[in-house]
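S.K.: Spelled out from the first residue to the last, the chains are:
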Amino acid sequence: MIAKTLPLAPTAGRPRALDIRLLMPVLSIVALLAAWQLVSGRVSAVILPAPANVAGSLVALTASGALPAALLQTTIPFLEGMVLSVVVGIVLGWGTGLFVNFGRFVDPYIFIFNATPTIALLPLIFVWFGIGNAAQVSFVFLSAVFTMIINTQAGVRQVERTLVEVLESLGANRREVLRIGVIPSTYPYIFSGLRIAIGRGVVGIIVAQILIAATGIGYMLQYYGEALQLANYFAPLIATAVLAILLNRGTDGMERRLFRWKATAF
Amino acid sequence: MLTVVQDLSLSVGDREFVSVLGPSGCGKTTLARCVCGLLPVARGQITLDGVLVTRPSPKVSMVFQGIGLVPWKTVRENVGLGLELLHHRKLAAADREQVGALLALVGLKSFEDYYPSQLSGGMQQRVGLARALVRHPELLLMDEPFGALDAQTRAILQDELLRLWGATGSTVFFITHDLEEAIYLSDRVVVMTRRPSRVKQIINVPLPRPRYSYDARSEPEFGRLRHEAWETLKEEIDSL
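Going line by line, the protein sequences match chains G and R. To convert, take the position in the first sequence, counting from 1, and add 67; that gives this note's numbering. To convert, take the position in the second sequence, counting from 1, and add 84; that gives this note's numbering.
The shape of chain R in the complex, shown without the other chains:
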């Protein structure tokens, strides 16, 4: 058996935005799947509010890089699935209202009857985000959600995510290999070592919020943090 993640110890606080940054192939996705309860951990434990994670929890919503929308369901039905599978029953009127509200929040109200194949990648991931948020998760797990998008769309969705996070108050655990993305979004950036991965360094990001309301990326502090994170990450990439 391949040991992907080893001796990793990390706790995430309530309403915190924490990113995990690491070289590709370091086990970030494995970590996300374990935290979600999709993959059992061989040793050690993952707890959520003090309860051991053994299977996907209703308190957690995960957003995937591959998005995984149901192709034969419309945008509205896909978002509704988030609630349908939470309650294990057909949607009630109140549920449908919530779905509508979420669609409006992510700016897809006028696309609710479209099929995923009719949407751009960025719009598809908005649907993925809405499907996760309609469940009002305490923890929003995101596994490289914007990794497949073009740079502009990614920047727009990052701002969108910060806005939604401000509105919902979920804790966010965000997996990425994009250093700037990690710094821009997070309260703390956890830099991982290469496989078997452990925590190499945790970088605090003291930039004020809301960051989308000014150009946080052009702050001198942002540059300093990016430099620090890059120096740390480079050692891992160099030694691959």
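Next up, chain G with everything else stripped away, as it sits in the complex:
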């Protein structure tokens, strides 16, 4: 065992006027905008529109209601697919992890599907779910669920043996070992799975809307992209990026709140 000694008071300190943790990302964005402005001044707007034009597009598309509507059309099937994949992923991850033979039975399919690009299943999705909401949800689901299963399962399989033995030595029955020891120790794994699954799910919904449903942000990207209206094309792209960042921040915040007991190095 390694003695992990942490300072007893939180090290975060009080936020100062110029906090480097905030400064670095802001600097990064400013640098990007500057470089963008510089390059766009030298090339045609068809190749790279100026940041100001993209900002104008963002405002116009928001004011016309087109962008908010598309965001909604994208967010709803995305969330449906994510909720489904998180629930199914956790249940199957626990199931395959806890019941070893069930795991052996199911594992081959999990690894085959995980290694299959979701896009390769497109014909099947067409045939089975059509081109509507169900097809989009199932595309998101298939993009995200295997990450959730594999991570949850890994969590069950990494449970510390000493911890289980200690609980048993104290008289815990199987249900108590699960409730007190095994299930909670999968939570950090579930969260790191969730982080990856959200990324895959966002990709999934955009791809599904470009290739299957012709709706939402995906369709907007395709439409303006093919029309070579790059200023209008960048607007939904930025909106999607912001959405993804917000989701990530949300997960981060939940993680920090839930796992205060962890001694982290960074």
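The hints are simulated quantities; they were obtained by calculation from the structure and are not laboratory data. Each residue gets a CB set at the ideal place from its N, CA and C atoms; glycine is no exception. Fair warning: there could be bad hints in the mix.
[As the list claims (entries may be wrong)] Calculated pairs, DSS-like style, for lysine-lysine (alpha carbon to alpha carbon, straight line, at most 25 angstroms): (1) K329/G to K193/R; (2) K318/R to K284/R; (3) K174/R to K193/R; (4) K157/R to K329/G; (5) K157/R to K193/R; (6) K174/R to K157/R.
[Unchecked claim] Here are some chain R residues pointing at chain G (derived, C-beta under 10 angstroms): (7) P140; (8) G191; (9) H220.
Given chain G, work out where chain R should sit, using these hints.
M.R.: Below, chain R without anything else, positioned relative to chain G:
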């Protein structure tokens, strides 16, 4: 199947402090897990108060070298677990009082809301000790509990253990590979052979108690016992 412990016969008396000393890999941990009821014995039997041990008993508490605190529970919750799993119900007010008393006894009252990762190794093992003792065990099983600690912390916890043992009156069955630790703590030291291990010799330790109240380690008798134990143990290590 690997035969780890064979033809081992040993009885431990009420309120006695007995150490098992043996070369590493001789099956000491296996023995502890069998006595605790975590591991079934292939042949022979282990009895506690005349009753066959087949599963962990509420009369026994075990302290592990790996400690095995629940990382997402606070110090107080970890100690409370000792009672929660004894009674299979949520803690009552009286239970919480007991937990508080035990935390005070091991000197961790002001750390009760800390998580294990915020404590040093020595403090973590104090929590492990409190979690075991809050159950008022008749038998306290200890499997190299101080093996991972630095020398100073180990010495402090050894004294602490003797003090707690005096206060609780449990029987202690202590597994160690540390010869001085075995002599300092015990009434009897059981020296094991290498695997498959059996009892090689039992050394009585007539040093007066309480030993922490004077420097028991510097007694000539301590030196003589250490020499005797080392000679016995060396044969086993040499012939590995």
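S.K.: Against this structure, judge whether each hint is valid.
M.R.: Hints and how they fare:
{"no.": "1", "hint": "K329/G to K193/R", "result": "holds, 21 angstroms"}
{"no.": "2", "hint": "K318/R to K284/R", "result": "holds, 12 angstroms"}
{"no.": "3", "hint": "K174/R to K193/R", "result": "holds, 21 angstroms"}
{"no.": "4", "hint": "K157/R to K329/G", "result": "holds, 11 angstroms"}
{"no.": "5", "hint": "K157/R to K193/R", "result": "holds, 16 angstroms"}
{"no.": "6", "hint": "K174/R to K157/R", "result": "holds, 15 angstroms"}
{"no.": "7", "hint": "P140", "result": "holds, 5 angstroms"}
{"no.": "8", "hint": "G191", "result": "violated, 15 angstroms"}
{"no.": "9", "hint": "H220", "result": "violated, 13 angstroms"}
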